[in-house]
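Q: Take a look at the letters that make up each chain.
4 protein chains.
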Amino acid sequence: MGGFYMKKLWQKNNGKLNPTVEAFETKGDLALDQKLIIFDVLGTLAHAQMLKKIGILSKKEFYEAKKGLFEIQKLIQSGKFLLEMGDEDMHTKIENYLTENYGEVGKKIHTGRSRNDQVLTAIRLYSKDMLITIQKNIHTLIKTFKAFGKKYGDIPMPGYTHMQKAMPSTVSLWAESFIESLQDDLTVLQTAHVLNDQSPLGSAAGYGTTLPLDRAYTAKLLGFAKVQKNPLYCQNSRGKIDALIIGALIQILLTLNKFASDVLLFTTSEFDFFEVSDKVTTGSSLMPQKKNLDVAELLRSKVHLILGNYTQVISVSSNLISGYNRDMQDTKKPLIESLEIVLESVGVANILLQNIAPNKDVLRKAMGSELFAVDKAFSLVKKGIPFRDAYREVKNANKN
Amino acid sequence: MGGFYMKKLWQKNNGKLNPTVEAFETKGDLALDQKLIIFDVLGTLAHAQMLKKIGILSKKEFYEAKKGLFEIQKLIQSGKFLLEMGDEDMHTKIENYLTENYGEVGKKIHTGRSRNDQVLTAIRLYSKDMLITIQKNIHTLIKTFKAFGKKYGDIPMPGYTHMQKAMPSTVSLWAESFIESLQDDLTVLQTAHVLNDQSPLGSAAGYGTTLPLDRAYTAKLLGFAKVQKNPLYCQNSRGKIDALIIGALIQILLTLNKFASDVLLFTTSEFDFFEVSDKVTTGSSLMPQKKNLDVAELLRSKVHLILGNYTQVISVSSNLISGYNRDMQDTKKPLIESLEIVLESVGVANILLQNIAPNKDVLRKAMGSELFAVDKAFSLVKKGIPFRDAYREVKNANKN
Amino acid sequence: MGGFYMKKLWQKNNGKLNPTVEAFETKGDLALDQKLIIFDVLGTLAHAQMLKKIGILSKKEFYEAKKGLFEIQKLIQSGKFLLEMGDEDMHTKIENYLTENYGEVGKKIHTGRSRNDQVLTAIRLYSKDMLITIQKNIHTLIKTFKAFGKKYGDIPMPGYTHMQKAMPSTVSLWAESFIESLQDDLTVLQTAHVLNDQSPLGSAAGYGTTLPLDRAYTAKLLGFAKVQKNPLYCQNSRGKIDALIIGALIQILLTLNKFASDVLLFTTSEFDFFEVSDKVTTGSSLMPQKKNLDVAELLRSKVHLILGNYTQVISVSSNLISGYNRDMQDTKKPLIESLEIVLESVGVANILLQNIAPNKDVLRKAMGSELFAVDKAFSLVKKGIPFRDAYREVKNANKN
Amino acid sequence: MGGFYMKKLWQKNNGKLNPTVEAFETKGDLALDQKLIIFDVLGTLAHAQMLKKIGILSKKEFYEAKKGLFEIQKLIQSGKFLLEMGDEDMHTKIENYLTENYGEVGKKIHTGRSRNDQVLTAIRLYSKDMLITIQKNIHTLIKTFKAFGKKYGDIPMPGYTHMQKAMPSTVSLWAESFIESLQDDLTVLQTAHVLNDQSPLGSAAGYGTTLPLDRAYTAKLLGFAKVQKNPLYCQNSRGKIDALIIGALIQILLTLNKFASDVLLFTTSEFDFFEVSDKVTTGSSLMPQKKNLDVAELLRSKVHLILGNYTQVISVSSNLISGYNRDMQDTKKPLIESLEIVLESVGVANILLQNIAPNKDVLRKAMGSELFAVDKAFSLVKKGIPFRDAYREVKNANKN
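Residue numbers (the numbering used here), protein chains in the order written: chain A, 16 to 415; chain B, 16 to 415; chain C, 16 to 415; chain D, 16 to 415.
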C-alpha cells in the first residue's frame, strides 16, 4: 500500500485543488501547527488508548500507535518532524506517519474523531501549558516587586494626578500598586484557565458520533478538569475561549503597560527619579550620547498588539452560524501570538525591574511643599474647620 | 452664605474657564452622571456615616446629611435632580445641595474624599447592580432554552459545518449548546463581578489621606465584599475593571450573536426551518410582502458595538502613567452603554426565542441521506474495516 | 381619512410588534434620526421635485409637498418636530405629516423610494455638511499653528527620541510638524468626501425600480457630485463609506493626540516648557494647589474613542450578505458621534493652542550640551573623519 | 581594524545588554527586516550617491559602496544575506558588510542618516511596491467580474434585504456591484499611495542635520513623488501612514468579504444558486460526502484580521510624544502582514470567481411572485393610485 493516496486525505478528486488556493488555506497555518503538534500527539495518544478501551483498537494496535506517537514526539523535539506545504495539516501528517510505519492502526486512528475536535483539543492543551507557565512567571514578578518595595520602600516619591504633582507618596506605595494589580490579574487568568480546561475530544465534527466513545476517559487521560458536554458548543466555544484567554492576557499587559509608562517618564532626564542599569539600555546609531530604554517602550506597546489580536478573534468569530467554519482557523495565530507575547513580556518586565533603582536624593528634592496642601487643609479640619473652608483657605494662601 | 462661590468648587480663578472647553469637558459627561448619581448618593451617605464614626461629623451633622441625601434620592427618582451645564458634575451638585440646605455639613462632606475615589465608588456600585440584574436575566433565558429544548427536542435537524449539511443533529442539541454557552458566560461574569466588588472609597486622590478613615466600615456599609487596598491601584484598576466587565459582556453577546445568526439563516425562505411569530417581525416601507426579522439582525450587531467599546476602554487606558488622568472619564460611556446593551439584549433574545418554533415537516425533509455518510462509515468500522478505508469506500459510493 | 392607519406604515398586523422589541429596534435610533431629519426633508423635497418632473406628482401636489416640507423644516429648527417612541422613524414621521396635512401627496411621496435609499441619502448629506465644516476648522487650526510658529519660532527646544533628549530643535519645527500633519489630513478627508459625495437616491431597496426615476436630476438638486450607479452597491457601500470617513477622522485625531501628548508632558512641572493660561485649566476637589490641563487629557483620549467606533462599523458591516441588513442601523451612531467628536476636538485644540506659550528661559536652559553630540561628530566628519569613527570619538569623550 | 567592534554599532558598553532583553527587542523584528532589506539597500544607494554629490564620499568611495550594495542585493536575492540574532538590524548588517569589505566607505555611509529615517524610507518603498502590485491585481479582478457579468448577466436572481427575498435582480447587477465597489477601493488606495509616496530620507533622527544633505536629490533617485518636508513630521507620520494604508486595504477586504459572504450563502444546498468547481473545494476528514468552500471562508475572515492590525497601529501610535519612540517598531508587522494578506486575497478572489457559475435553472425557479409585489404596486401607481394606497392593496391581497 503506497503512501500516495494518503497525502491530503480529505482532499476531493485526487488533489486537484488550485495550488494558489491551497497555499492560501494552509501555508501560514502549518507554521502554527508546528507549535501545536506536540499536543496533537498527546491528544491522539489519549484517543488511541480510549479506542483500545472500547474495543476499536486491539491491544497490539494500540501498542503500535503508542510506539509510533512516541517516535513522532522525539522527532518533533529534535526538530525533524517539520510540516511542509503539501502536508495539509498536523493531523494528516501524524496519521500518515502511523499508516506508513504501522499500517492498519494508522487507518483506524481517526475513528470517531474529526479534525474539528482534534485541533480544539490541541489548542486547549497548548493554552493550558502556556497559562500555567505565565502564572508561575507572574508569581516571580510579584516577588521582585515585593523585594523592590522592601528595599526602597521608605523613599518618598511624589504622587501624580493629571501628570501633575498631587500628593506625597512613596516608592513602596508605587511598587505595591503593581503587586495588587498582578494579583487581580491572576484571578482573571484563573477563570480563563478554568473554561479552557474542558475536554472537547470526542465531540467529533460538532455533532458527536454514534460510536460509544468514552469522553470522560480521554478527558482524564489528558488531565482536563472536565468534559465539555454539548458537542456543538465545543465548536461554538472556540472563539469565545480564545477571546477569554486573550482578554485575561490583556489585563496583565495593562499592568505592565502602566509600569513601563511610569518607568519611561520617571527616567527622563527631566524627572530622573530612577537610575537604569546599562544592561537594559540601548544606544543610537546617530547620536553618540544616547542611552535609551527601548525595552520599556517595547513593553509598553504590547497591550496594543494583543488588543488587535482580541479584535481579530471576536470579529472573525461572529456573524457565523453554529458549527465549525473554516474562518476559525484564523483565530489560531492571534491566540498563540498573544500567549507568547505575554510570556515573554512578564519575563522582561522582571528583568527591567531588577535593573532600575530609585534616585533617593532626586526623589527627596522632588517632594515640594505643594504636595502637602491637602495635609494642611486636613490640619485645619482637625481643628474643626469644615473641609471646604479649609480648602479655600489653603488655596488662597497658595496664590500669594 | 451665598451659593455663588460653590458652583464648580474646584474651579480655579472664579470660573474663567473657556466655555467651549467647559462644554467639551463636561457636556456629555453630565448625561452619564445622571445614571450614576443615585449611587453617588449612596457612597456619600456611607462616607458621612463613617465621618461620624471617626468624629469628623457630629451626630447632628450626620443626621442632616442623611436627611439631605434622602431628599436628593427622592428628587432623583422623581426626575427633578437634573444635572445641567454649569453643574460641573454630580459630586459638586450633591455637595452644593447639602451646603445650600444644611450649611456646615455640606462643607464637611468632602473631607477625606476626592472625586477620584468618589466616582470610582459610584461606578462600581452601578456596575454591580447591572451585573446582578444581567445574571438574573441570563438565568431566565437559560430556562426558556430548556423549555424550548424540552418542547421540540426530539425533532431532527441537520447539523452544519462550513455552512454545508454535515451530520444529523436535533433541535435539542442546538438548544442545549446555548445553555452550556450561557452557563460558561455566567462563570466569566462572576469573575468580573468579584473584581468589581472591591471598595475604592477612602483611597482619595489615589494616595490615601492622613485622616483616620475607616475604609472597612464604608465598604461594609455599601455591601462591598472587600476593600481595594492600595490607593494607587484603586485608580489604576479603573480601566482594567471596566474592560474586564465589558469582556465578560462580550462573551454573552457572542452567544447571542450565534443564536441570532442561526435564526436568521434558518428563517430564510430557502431554509425555512423555523416559523416566526408576527410579534417579532417588521415590514418594509416599499415591499408590501416583506416580513423581516429585524430584531435578530439588531441582536446580531450588538457584539460588534461592545467590541468597539472594549477597544475604547483599553486604548484610552493605556500609555498613561499611574494615578488619575482625566482621559479616564471617557471610559464611562463605553462601560455604561455596554451594560445597558447587554441587559436589553438578553431580554430581547428571550422574547425572540419564545416567538420561534421549528417547522417539523421541513426539518424532517431536510434530513437527507448525505448526513448519514459518517454513520455508514462507522457501520463498516464496526465490521472491522479501518476507518480510513471505510471513509474512502463511502466517498467513492457517494460519487456514483 | 384618519391618521390611525399611517403610524408605522410598514408595520405588519396593525402594530402587534412586541413593545420591548419595538423599543430595542427604535429607541436609540430616534435620537440619531433627530440629527439627520433636516437632511431627510431635503432628500424628500428633491425626490418630490423629480416625481413632478416624471409626471407622478402633479404641479399642485409638488407645491403642497414643498409647502409641507418647509413647514417641517421650520418645526425642526424651532425644536418642535420631535421624534418619539411610536414614530417608527423619521421617514414615517415626515410622510405622516404630509398625509395628515395635505392628503394624497403624502401617500404618493414614497413612490419609487425605500427607506433604504432614503436613510442613505440623509446620512450622506449630513456627513457632507459635517466634513465641510471640519475642513474649514482645520484651516483655522493651521492658521493658529502658523501664527504660533511665527511668534515663538526662534525659541530653541530640545528634540526628543525615546522620550530622551536627542537633538537641538526649535518651537517652530515643532509647530510646523503639526501643520504638515494637518495638511496631509486634509488630503485624506478630501477622499472620504469624494466617495461620500455620491447620490444613492433612487436606488430604492437596493435593486432599483421599474419606474423611470431620474437619478441624475435628484443628485443635481441635492448638490451631489455624481450618481452612485449600481443600486446594490449603494447599499453595500454604506458601512464602507462610514468607515472611510471615520478612518479619515482618525488621522486628524492622531495629529491632535500627538499635540495633546506633547503639551501634557511639556507642561509638567518637571519639564515646564510651556506656560498655560487659566482659561484652559481646572482645579482639584481635594487638592487646593492643583491646576490641571484636563482639556488636553480629554483631547488625547478622543482618538481611542473613534478607533472603537471604527471597529464597530467594520465589524458590524462584515459577514453580511449583499443588500440591506438591519444591522447597518447600528453604524449610524459611531458615524455621527465620530463626526461630532472631531468637529468639537479641532475647535478645542485651537483654543488650547491659543492659551499656551513657550517658557523661553526654561527652554534655553534645557538645551544641554548632550544635544550637540551629533553636531560635534559632524564637525569631525567635515574634517574628513569617517562618521562612524567620529561617532565613537564623541561617545568616548562623553563617557569621561 | 577588525570587525569585532562593529557588530551592534549603537550598543552601549560593549554589548552588555541582557540577552533576554535583546531577544525581546530584535528577534521578531529581524524576520520583518528580511522583507524590507532589499529596499534598505536601495535607500542606502541613493544616500551614498547624494553623499558623493555633496562631497562627503569621493567618487571612488561611492563606486565601492555601489559595488558592495549590488553584491548585497544579489546575496539577498539568492537567500544568502540572512539576518540573525546578534545582527541588531538590517541597517547595521549592511553597514558592517560595507566596512568589512570596503573599509572607510562603510564607516562613512551613515553620515547624516539615522536608523529612524532609514527604516521609514525602506518601509515606504516596500509599501509603494506592494500597493502598486495590489492595484494591478484589482484591475485583473475587475476584468474577471466584467467577464462574469457579461457571460451570465441576463440570468435572473432574487435580490435580498434582511436575508429575505425582496426584489427581482440579475446576476449582472450582482457582479457589477463588486466592480463599482472595487473602483471606489482603487480611489481610496490611490490616496494612501500619494501620502506614502513622500521621501523621509534626510530627516535623520527627526530633527534634520547640520549637513547640507540634498533631500530632493535622494527623493528623485528613489522615485518618490515629493520630499516630506518637516523632519519631525516624518517620524510622527509613521503610524499615520501605516494606518492609512491598512484602512485602504480594509476597504478592499470589505468588498471581498461581501463577495465571500454571498458565495457562501448562495452555495449552500438550500440556496444552490452557484455551482462550484472542485478546484476550489476541500473535503472533510470525517465526513466522506463533504465538499466545502473553505477558500471563501478564509477570504471572509481576512477583513477581521486586518481590522485587528489597524487597531494595533492606531493604539500603539497614540499617547506618544513627538519624535521616534521604539514602540513604533511594533507597527511593522501589522503593516507588512496586511499588505501581504490583501495581495494574496485579491488573487484568490479572482480564482474563486473563475470557478463558480450560476445555476440558471435554480435561479429562475427562485424568482417567486413575492419578488414582484412592488412592481404590482407600481402598476397601480401608474394608474394613478397613490403609492401608499397601492402598497396596502397589494399587502392585503398577499395576505389572502
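Rather than coming from a laboratory, the hints here were simulated on the basis of the structure. Where hints are given, some of them may not hold.
Same chains, same names: a pair is fine if it fits in one copy or spans any two.
[To be verified] Once the Cα atoms are required to be at most 20 Å apart in a straight line, the calculated SDA-like pairs of lysine to any residue come out as:
id: 1; residue 1: Lys89; residue 2: Lys151
id: 2; residue 1: Lys81; residue 2: Ile351
id: 3; residue 1: Lys31; residue 2: Lys294
id: 4; residue 1: Lys143; residue 2: Thr185
id: 5; residue 1: Lys31; residue 2: Asp293
id: 6; residue 1: Lys75; residue 2: Asn152
id: 7; residue 1: Lys380; residue 2: Glu285
id: 8; residue 1: Lys398; residue 2: Phe77
id: 9; residue 1: Lys42; residue 2: Gly118
id: 10; residue 1: Lys375; residue 2: Ser284
id: 11; residue 1: Lys397; residue 2: Leu226
id: 12; residue 1: Lys244; residue 2: Ile157
id: 13; residue 1: Lys391; residue 2: Glu352
id: 14; residue 1: Lys306; residue 2: Met382
id: 15; residue 1: Lys151; residue 2: Ser93
id: 16; residue 1: Lys75; residue 2: Ile400
id: 17; residue 1: Lys348; residue 2: Pro34
id: 18; residue 1: Lys74; residue 2: Asp144
id: 19; residue 1: Lys50; residue 2: Asn411
id: 20; residue 1: Lys375; residue 2: Glu285
id: 21; residue 1: Lys348; residue 2: Glu359
id: 22; residue 1: Lys166; residue 2: Phe96
id: 23; residue 1: Lys42; residue 2: Val242
The model shown is predicted, which means the values in this text are computed figures rather than measured ones.
Q: Does each hint fit the structure? Answer for all of them.
A: Against the structure, the hints come out as follows:
1. In the homo-oligomer, the alpha carbons of lysine 89 and lysine 151 never lie at most 20 Å apart, since the shortest distance is 27 Å inside one protomer and 47 Å across protomers.
2. Within a single copy, lysine 81 and isoleucine 351 get their C-alpha atoms no closer than 27 Å, and across copies no closer than 42 Å, so neither meets the 20 Å cut-off.
3. For the identical chains of this complex, lysine 31 and lysine 294 are inter-copy neighbours only, at 6 Å across copies versus 55 Å inside a copy, given an alpha-carbon limit of 20 Å.
4. When the C-alpha separation of lysine 143 and threonine 185 is checked against a cutoff of 20 Å, the pair qualifies neither within a copy, at 38 Å, nor between copies, at 32 Å.
5. Only between protomers do lysine 31 and aspartate 293 lie at most 20 Å apart by alpha-carbon distance; the minimum there is 7 Å, versus 58 Å within a single protomer.
6. Taking CA atoms no more than 20 Å apart as the test, lysine 75 paired with asparagine 152 passes in neither setting, with 43 Å inside one copy and 54 Å between copies.
7. In this assembly of identical chains, the alpha carbons of lysine 380 and glutamate 285 lie at most 20 Å apart whether taken from the same copy (13 Å) or from different copies (12 Å).
8. Taking the shortest Cα distances, lysine 398 and phenylalanine 77 sit within 20 Å of each other only across copies (18 Å), while inside one copy they are farther apart (84 Å).
9. Neither within a single protomer nor between protomers do lysine 42 and glycine 118 lie at most 20 Å apart by alpha-carbon distance, with minima of 28 Å and 42 Å respectively.
10. Taking CA atoms no more than 20 Å apart as the test, lysine 375 paired with serine 284 passes in both settings, with 15 Å inside one copy and 19 Å between copies.
11. Taking the shortest alpha-carbon separations for lysine 397 and leucine 226, only the inter-copy value of 9 Å comes in at or below 20 Å, while the best intra-copy value is 78 Å.
12. Within a single copy, lysine 244 and isoleucine 157 get their C-alpha atoms only as close as 37 Å, which misses the 20 Å cut-off; across copies the closest is 16 Å, which meets it.
13. Taking the closest pair of Cα atoms, lysine 391 and glutamate 352 never come within 20 Å of each other, the shortest separation being 51 Å inside a single copy and 40 Å across copies.
14. For the homomeric pair lysine 306 and methionine 382, the shortest alpha-carbon distance between copies (17 Å) is at most 20 Å, but the shortest distance inside one copy (27 Å) is not.
15. Within a single copy, lysine 151 and serine 93 get their C-alpha atoms no closer than 26 Å, and across copies no closer than 44 Å, so neither meets the 20 Å cut-off.
16. For the homomeric pair lysine 75 and isoleucine 400, the shortest alpha-carbon distance between copies (16 Å) is at most 20 Å, but the shortest distance inside one copy (89 Å) is not.
17. When the C-alpha separation of lysine 348 and proline 34 is checked against a cutoff of 20 Å, the pair qualifies neither within a copy, at 22 Å, nor between copies, at 26 Å.
18. For a Cα distance limit of 20 Å, the shortest separation of lysine 74 from aspartate 144 qualifies neither inside one copy, at 30 Å, nor across copies, at 58 Å.
19. Neither within a single protomer nor between protomers do lysine 50 and asparagine 411 lie at most 20 Å apart by alpha-carbon distance, with minima of 65 Å and 35 Å respectively.
20. Proximity of lysine 375 to glutamate 285 under the C-alpha cut-off of 20 Å is found in both arrangements, the shortest distances being 15 Å within a copy and 16 Å between copies.
21. In this homomeric assembly, lysine 348 and glutamate 359 come within 20 Å of each other (Cα to Cα) both inside a single copy, at 16 Å, and across copies, at 17 Å.
22. With identical chains, the CA atoms of lysine 166 and phenylalanine 96 are never at most 20 Å apart, being 49 Å at best within one copy and 48 Å at best between copies.
23. For the identical chains of this complex, lysine 42 and valine 242 are neighbours neither inside a copy (32 Å) nor across copies (39 Å), given an alpha-carbon limit of 20 Å.
Hints 1, 2, 4, 6, 9, 13, 15, 17, 18, 19, 22, 23 from the earlier list are contradicted by this structure; the remaining hints agree with it.
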